[in-house]
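Trainee: Protein chains in written order, with our numbering: chain Z, 1 to 184; chain W, 1 to 122.
No lab work stands behind these hints: they were computed from the structure. Being a predicted model, the structure only gives us computed values, none of them experimental. Don't be surprised by glycine CBs; every beta carbon is placed ideally from N, CA and C.
Ranges between beta-carbon positions, derived for each pair:
(1) ALA131(Z) x ALA54(W): 28 to 38 Å
(2) VAL78(W) x PRO38(Z): 49 to 59 Å
(3) ASN66(Z) x GLU57(W): 20 to 30 Å
(4) GLY6(W) x LYS177(Z): 48 to 58 Å
(5) GLU64(Z) x GLN65(W): 19 to 29 Å
(6) SER28(Z) x GLU44(W): 42 to 52 Å
(7) VAL78(W) x SER28(Z): 23 to 33 Å
Calculated from the model, a selection of chain W residues having no Cβ within reach of chain Z, i.e. all distances over 10 Å:
(8) ARG5
(9) GLN39
(10) SER41
(11) CYS42
(12) GLU44
(13) ALA50
(14) ALA51
(15) ASN52
(16) ALA54
(17) GLU58
(18) LYS61
(19) ALA68
(20) GLY76
(21) SER114
(22) LYS117
Here are a few chain Z residues that face chain W, going by a calculated C-beta distance under 8 Å:
(23) GLY61
(24) VAL70
(25) ASN105
(26) LEU107
(27) GLY108
(28) LEU109
(29) SER110
(30) GLN111
(31) PRO112
(32) ALA113
(33) ILE114
(34) HIS123
(35) ASN125
(36) THR140
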Amino acid sequence: MRMTKMLATAAFVTGAAFQLSGCATSASSTAMTVAPQPAAAAEKPFPPPLQHAMCVRAVTGGEETNPLWVSKVDNKGFQDALNASLDGAGLSAGSGTCAYSIDVNLLGLSQPAIGFSYTVTSHVNYKVYDASGQPYLLATIDAPYTATMSDSFFGVERMRLANEGSIRASIQDFLDKLREGPQQ
Amino acid sequence: MVFGRGFIRSSAFAGVLWLAGCAAQQVTPMAMTQPGDEQLSCAELAQQIAANRASAEEFVKKDKQVDAANVAKNVGSVIPFLGLALMASTDLSESEQVKARALVDRDERLNDLSKRKNCAGQ
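Throw the hints in and build the complete structure from the sequences for me.
Mentor: Here you go:
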């Protein structure tokens, strides 16, 4: 009887610890990339001066993931995702002249500590400057995304999925703002 | 009875925490641009820049305190049952960090406006 109780307790604690901690992994740049949207591009194209004229100059504020803590988004992952999203949208200057440079400051990720559904909100400042250094667009974007138990049973993985979804939503919002033209 | 009353109570408490979920604290960073920015006088710009800098420093201090508390909670999370409560009370909202960084970027924008208005000599 006492053995059963101890085993049940151990199983509960182990299960909870596994669910809560586990090994956290960094967000994947592929999962944070916004897929090309031909329909949206046809309906509302980007302003012509921006097309094939943008490049990412710097991404700051990201954090490396500590495997014993929670999943985070690092600068390189964010930059790769943004570059790939710009490529897909036909905005990337590629090897051509970069007429509009983008600086990104990841202010932070608001993450929950525990729960069934994890809603992560990313807070990002996007700064787009023209060739003369004048601001073309200065945007502060808060983008929430919820990952549920159906996305993953494991807490650490659910957090990573929520992070990735939140950054993807943020980049999507940024692209939408670019379609509107200069704003500052 | 296989489980004692204490075990059931602790499990129920942990379960409630689990099911309810602890939503991240709502954080609203100051936007880099604000309506009416272009109309600000040099004195108003200088005043806002100074106030933002002071607030940012306060947020950075608070952020360090939250980080230290989180580390302590993380260490304590290995304690059976109580650890769950400690884990649930961990603050991962990065609220202070977000607000501090937003204020620094806001000041960058205000400094740029100040430069364009040739405020330095006034």
